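So the sequences go chain by chain: L and S.
Mind the numbering: the first sequence is residues 1 to 117 in our numbering, read in order.
Mind the numbering: the second sequence is residues 1 to 111 in our numbering, read in order.
Among the clues, some could well be false.
Claimed, not checked - Below, a list of computed lysine to any residue pairs in the SDA-like style, where the Cα atoms sit at most 20 Å apart: (1) L:Lys-41 x S:Lys-103; (2) L:Lys-41 x S:Lys-98; (3) S:Lys-42 x L:Glu-58; (4) S:Lys-98 x L:Glu-58; (5) L:Lys-38 x S:Lys-42; (6) S:Lys-1 x L:Asn-57; (7) S:Lys-103 x L:Ala-87; (8) L:Lys-38 x L:Ala-80; (9) S:Lys-98 x L:Pro-61; (10) S:Lys-98 x L:Val-98; (11) L:Lys-38 x S:Thr-45; (12) L:Lys-36 x L:Ala-87; (13) L:Lys-53 x S:Lys-42; (14) S:Lys-42 x L:Ile-56; (15) L:Lys-41 x S:Gly-41; (16) S:Lys-42 x L:Ser-86; (17) L:Lys-19 x L:Lys-41.
Calculated directly from the structure, the hints in this document are not laboratory data.
All values reported here derive from a predicted model rather than from experimental measurement.
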Amino acid sequence: DTEVTQTPKHLVMGMTNKKSLKCEQHMGHRAMYWYKQKAKKPPELMFVYSYEKLSINESVPSRFSPECPNSSLLNLHLHALQPEDSALYLCASSREWVAGGQEETQYFGPGTRLLVL
Amino acid sequence: KQEVTQIPAALSVPEGENLVLNCSFTDSAIYNLQWFRQDPGKGLTSLLLIQSSQREQTSGRLNASLDKSSGRSTLYIAASQPGDSATYLCAVSGSNYKLTFGKGTLLTVNP
Numbered sequence: 001d002t003e004v005t006q007t008p009k010h011l012v013m014g015m016t017n018k019k020s021l022k023c024e025q026h027m028g029h030r031a032m033y034w035y036k037q038k039a040k041k042p043p044e045l046m047f048v049y050s051y052e053k054l055s056i057n058e059s060v061p062s063r064f065s066p067e068c069p070n071s072s073l074l075n076l077h078l079h080a081l082q083p084e085d086s087a088l089y090l091c092a093s094s095r096e097w098v099a100g101g102q103e104e105t106q107y108f109g110p111g112t113r114l115l116v117l
Numbered sequence: 001k002q003e004v005t006q007i008p009a010a011l012s013v014p015e016g017e018n019l020v021l022n023c024s025f026t027d028s029a030i031y032n033l034q035w036f037r038q039d040p041g042k043g044l045t046s047l048l049l050i051q052s053s054q055r056e057q058t059s060g061r062l063n064a065s066l067d068k069s070s071g072r073s074t075l076y077i078a079a080s081q082p083g084d085s086a087t088y089l090c091a092v093s094g095s096n097y098k099l100t101f102g103k104g105t106l107l108t109v110n111p
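Extracted from the complex, chain L is given alone in its bound form:
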């Protein structure tokens, strides 16, 4: 099973709302990632968690708050977003983050399409 699930599939929120995106994997992977993808652009890395610890924050604004409650679950808490934050948010996981080999193959979820009004 190489499945990463993400909920919800679609989300519409106002600029004053608080919402959360959820990502789950049951492959025993110890690295999980959040990416942001705008239309017709490649994914941009936001955060990396390795063994449930935040390892990389790509200078993401504090209105995005990641959380890794356990090794299978990754959340992205959203608050006071701007319309320019509208994008496809992708979660990914890999067996390891820093291994140098096939263990780094990243498996992506289907994404959450976010629209901020």
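Place chain S on chain L using the hints.
Just chain S now, kept in the frame of chain L:
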């Protein structure tokens, strides 16, 4: 700063044709290179990962090669099918272990 370029940006071929997608990167100090496909509005599907010590990887009708010293990779798709239509993304992992993506090649295979 690593830059990844994919050529062509778009490609349209008739069904059954063999084709090659190209990826180049500016910093040859990479740990691995991955090829992904993305269907419209969907997530990415990993196709192949080539470690820096390897020259190629094969999976079914797909063959990816890596020439690290020249900063190039190719993805060869044999006997293309309409179901292969998607955007193909190349990504390299360097010393910071972060993936740097190219902008992708939009492939259309016509029946």
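### Query
What are the numbers of the hints the structure violates, in ascending order?
3, 13, 14, 17
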